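Trainee: Use these hints to put chain B onto chain A, whose structure you have.
So you can see what is in the structure, the chains are spelled out below.
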Amino acid sequence: MSRNAWGSAKQREYWFVPGVIAGGIAIIVIIATAVPFWALSDKPIPAKVTEDLPPGAMQAKATTACLECHEARIILQQRLSKGAWTKEVDKMVKWGAVVDANDHDALVDYLSTNFSPDRPAYEAPRTAADKGTSERSPGKPSK
Amino acid sequence: MLTWALPLPQERGVEVPGEDGMILRSFRFVDLETPVEYFNTWLTPVPHFFVRNHMHEPSELNADDWRLTIGGEVEKPLTLKFADLSKFETHAVVNTLECAGNGRSLQRPQVPGIQWGKGAVSTARFSGPRLRDVLQRAGVKPSGKHVMFRGLDEVPGKVPPFIRSIPIEKALDSDTLLATHMNGAALTRHHGYPARALVPGWIGAASCKWLTEIKVLENEFAGNFMSPGYRFPNQPVKPGDAVKPEDTHPLTALGVKSVIAGPGDAANVKAGKVVVHGAAWAGEADVVKVEVSTDGGSTWAPANLGNEKAHYAWRLWNYEWKAKGGDYAILSRATDSQGRVQPAAPVWNPSGYLYNAVDQVKVHVA
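Protein chains in written order, with my numbering: chain A, 1 to 143; chain B, 1 to 366.
No lab work stands behind these hints: they were computed from the structure. Remember, predicted model here, so these are calculated numbers, not experimental data. A couple of the hints might just be wrong.
[What the hints assert, rightly or not] Within a straight-line C-alpha distance of at most 25 angstroms, the following computed PhoX-like cross-link-like pairs (lysine-lysine) qualify:
1. K309(B) x K289(B)
2. K322(B) x K273(B)
3. K289(B) x K273(B)
4. K87(A) x K61(A)
5. K91(A) x K238(B)
6. K322(B) x K362(B)
7. K94(A) x K158(B)
8. K215(B) x K170(B)
9. K91(A) x K61(A)
10. K87(A) x K238(B)
11. K270(B) x K324(B)
12. K94(A) x K244(B)
13. K309(B) x K170(B)
14. K238(B) x K82(A)
15. K141(B) x K76(B)
16. K61(A) x K94(A)
17. K76(B) x K87(B)
18. K82(A) x K94(A)
19. K141(B) x K215(B)
20. K87(A) x K244(B)
21. K158(B) x K61(A)
22. K170(B) x K87(B)
23. K244(B) x K82(A)
24. K91(A) x K158(B)
25. K270(B) x K322(B)
26. K91(A) x K244(B)
27. K362(B) x K273(B)
28. K289(B) x K362(B)
29. K145(B) x K76(B)
30. K87(A) x K158(B)
31. K215(B) x K87(B)
32. K170(B) x K145(B)
33. K273(B) x K324(B)
For reference, chain A alone in the conformation it holds in the complex:
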């Protein structure tokens, strides 16, 4: 019978039961603690510096046409009708956005579907805290 690092075949049988128990406990501990460790971490999740446009057939073309000049948040925060989006796209084309004439209507559809007036408002992130400034403005009424 071959030997390995665990010792003899007989020894392996002795190790089997406690090994399974220990392994099971280890898995349970990992599962039980993984999320709490993450949740209790002092290091908060970093906010995205710039946003992306939502998935869709026009995502890539909209990214090229619009985000050359400004970031996606300027689009993500709008809640406009199709008519208003058409005006915006036409203005931006005049201002240099490269949109193929064949893509114009699809781009308006993409924007007016994803950023229509009935959608909930975009939640803007905050910039990081500057401790010195925060201490000077403690959020209390001025006397």
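Mentor: Relative to the frame of chain A, chain B by itself:
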């Protein structure tokens, strides 16, 4: 499981050097809103002062290389170095600067533009030479009726440059500045280093940043940011209706407005004494009264106005409310020295400018 009881980790803010806990409306171009809970100091610390950019900030700014030209309808065109500005008498003005689009997100139907909440407004002590003194050095010709400002903003694509003009009367006002300092320190990059126009009491867009050219004109500057940009309908508009350009006029001075800084909207507060507080401003006029309603607008009581005041600056105000348990809509309403009163409903316009409806927060008292 244990995780259900634990709070989710806080999102770490986006690093924007020199800025503190601001609402990030856009990173590129940088547009930062002041959270209303910061409206608790008469002068806004610079890291809490809202930032509005229409395009890229200048990539290179160096006071030694900076030049300001003054030309157009003048007797003697000038080119000034930064050091030349300190040879003029320095004047300081405490001014509440507000973006014309502040409150745009509250308009219905929604309109395009940066979706500012209530905080595209802040107050600082600006200082630098008077624009009047610089213009007088150049000698304004009688034909000069408007003064144009051009900044060093870097223009993307074919976007029209950010150039605007103000009438000569406002340019020659003794409080209109070429500001080099803010709250006693040199302007920061976000606020127009090394020098900006400061047109007190007017919409923020009048106060051009990174100033590089001043030109005296016979007529209002003709460009996108004068028309169709920054114009207001001559007549009330039905919400959602289009307005013809010829039925509009350029925006100038700010309206009368108050905002509640605390308690915050949707706050839970303890029954007893609750201090409702905020800020109120009125452009070129003075705030004479702020009233607070704790019953959704049925009855109003006067708030105390803060001692710190200056002609173009906001007044902080507070009101001690003896709160009993329940749910409340708390309102604030300012009145100014021109007799203007904050309207109950917003005055809708296609670009969402000058939102100044009575402010409101909802509060639960337990």
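Trainee: Each hint: holds or not?
Mentor: Verification of the hints:
The hinted pair formed by K309(B) and K289(B) meets the criterion: a straight-line CA distance of about 13 angstroms does not exceed 25 angstroms. For the hint pairing K322(B) with K273(B), the CA-to-CA distance comes to about 5 angstroms; that is within 25 angstroms, so the pair holds. Between K289(B) and K273(B) the alpha-carbon distance is near 22 angstroms, which keeps this suggested pair within the 25 angstroms criterion. With a C-alpha separation of about 18 angstroms, the suggested pair K87(A) and K61(A) falls inside the 25 angstroms cut-off, and the hint holds.
Between K91(A) and K238(B), the direct Cα distance comes to roughly 24 angstroms. Compliance with the 25 angstroms bound is thereby established for this hinted pair. About 16 angstroms separates the Cα atoms of K322(B) and K362(B), which keeps this hinted pair within 25 angstroms; it holds. Between K94(A) and K158(B) the CA atoms are separated by roughly 7 angstroms; this keeps the pair inside 25 angstroms, and the hint holds. Only pairs whose Cα atoms come within 25 angstroms are accepted, and K215(B) paired with K170(B) is accepted, the gap being roughly 14 angstroms.
Note on K91(A) and K61(A): the hinted pairing holds, with a Cα-Cα distance of about 17 angstroms set against a maximum of 25 angstroms. With a C-alpha separation of about 19 angstroms, the suggested pairing of K87(A) with K238(B) holds against the 25 angstroms cut-off. Between the alpha carbons of K270(B) and K324(B) the distance comes to roughly 8 angstroms, so the proposed pair stays at or under 25 angstroms and holds. Proposed proximity of K94(A) and K244(B) is supported: the alpha carbons are some 20 angstroms apart, at most 25 angstroms.
A distance of roughly 22 angstroms separates the Cα atoms of K309(B) and K170(B); the hinted pair therefore holds under the 25 angstroms criterion. Distance check on the hinted pair: K238(B) and K82(A) sit about 19 angstroms apart at the alpha-carbon level, within 25 angstroms; holds. Using a Cα cut-off of 25 angstroms, the hinted pair K141(B) and K76(B) holds, with the two alpha carbons roughly 10 angstroms apart. With a C-alpha separation of about 17 angstroms, the suggested pairing of K61(A) with K94(A) holds against the 25 angstroms cut-off.
At roughly 18 angstroms between alpha-carbon atoms, K76(B) and K87(B) fall within 25 angstroms of each other, so this suggested pair holds. Restraint check for K82(A) and K94(A): the C-alpha separation of about 18 angstroms stays at or below 25 angstroms, so the hint holds. Restraint check: the Cα-Cα separation between K141(B) and K215(B) comes to about 12 angstroms, which is no more than 25 angstroms; the hinted pair holds. Among the hinted pairs, K87(A) with K244(B) is consistent with the structure: their alpha-carbon atoms are about 15 angstroms apart, no more than 25 angstroms.
A C-alpha spacing of about 19 angstroms is found between K158(B) and K61(A), which places the hinted pair at or below 25 angstroms, so the restraint holds. The suggested pairing of K170(B) with K87(B) holds, with an alpha-carbon distance near 23 angstroms, which does not exceed 25 angstroms. For the suggested pair K244(B) and K82(A), the alpha carbons sit about 20 angstroms apart, so the restraint of at most 25 angstroms is met. Taking the CA atoms of K91(A) and K158(B), the gap is near 11 angstroms; set against the 25 angstroms cutoff, the hint holds.
For the suggested pair K270(B) and K322(B), the alpha carbons sit about 10 angstroms apart, so the restraint of at most 25 angstroms is met. At roughly 17 angstroms between alpha-carbon atoms, K91(A) and K244(B) fall within 25 angstroms of each other, so this suggested pair holds. For the given pair, K362(B) sits about 17 angstroms from K273(B) by alpha-carbon distance, which is consistent with the 25 angstroms threshold. For the hint pairing K289(B) with K362(B), the CA-to-CA distance comes to about 22 angstroms; that is within 25 angstroms, so the pair holds.
For the hint linking K145(B) to K76(B), the alpha-carbon distance of about 17 angstroms falls within 25 angstroms, and the restraint holds. For the proposed pair K87(A) and K158(B), the alpha carbon gap of about 17 angstroms is at most 25 angstroms, so the pair holds. With a C-alpha separation of about 21 angstroms, the suggested pair K215(B) and K87(B) falls inside the 25 angstroms cut-off, and the hint holds. In summary, the hint linking K170(B) to K145(B) is supported, as the alpha carbons are separated by about 10 angstroms, within the 25 angstroms threshold.
About 9 angstroms separates the Cα atoms of K273(B) and K324(B), which keeps this hinted pair within 25 angstroms; it holds.
Hint violations for this structure: none, all hints satisfied.
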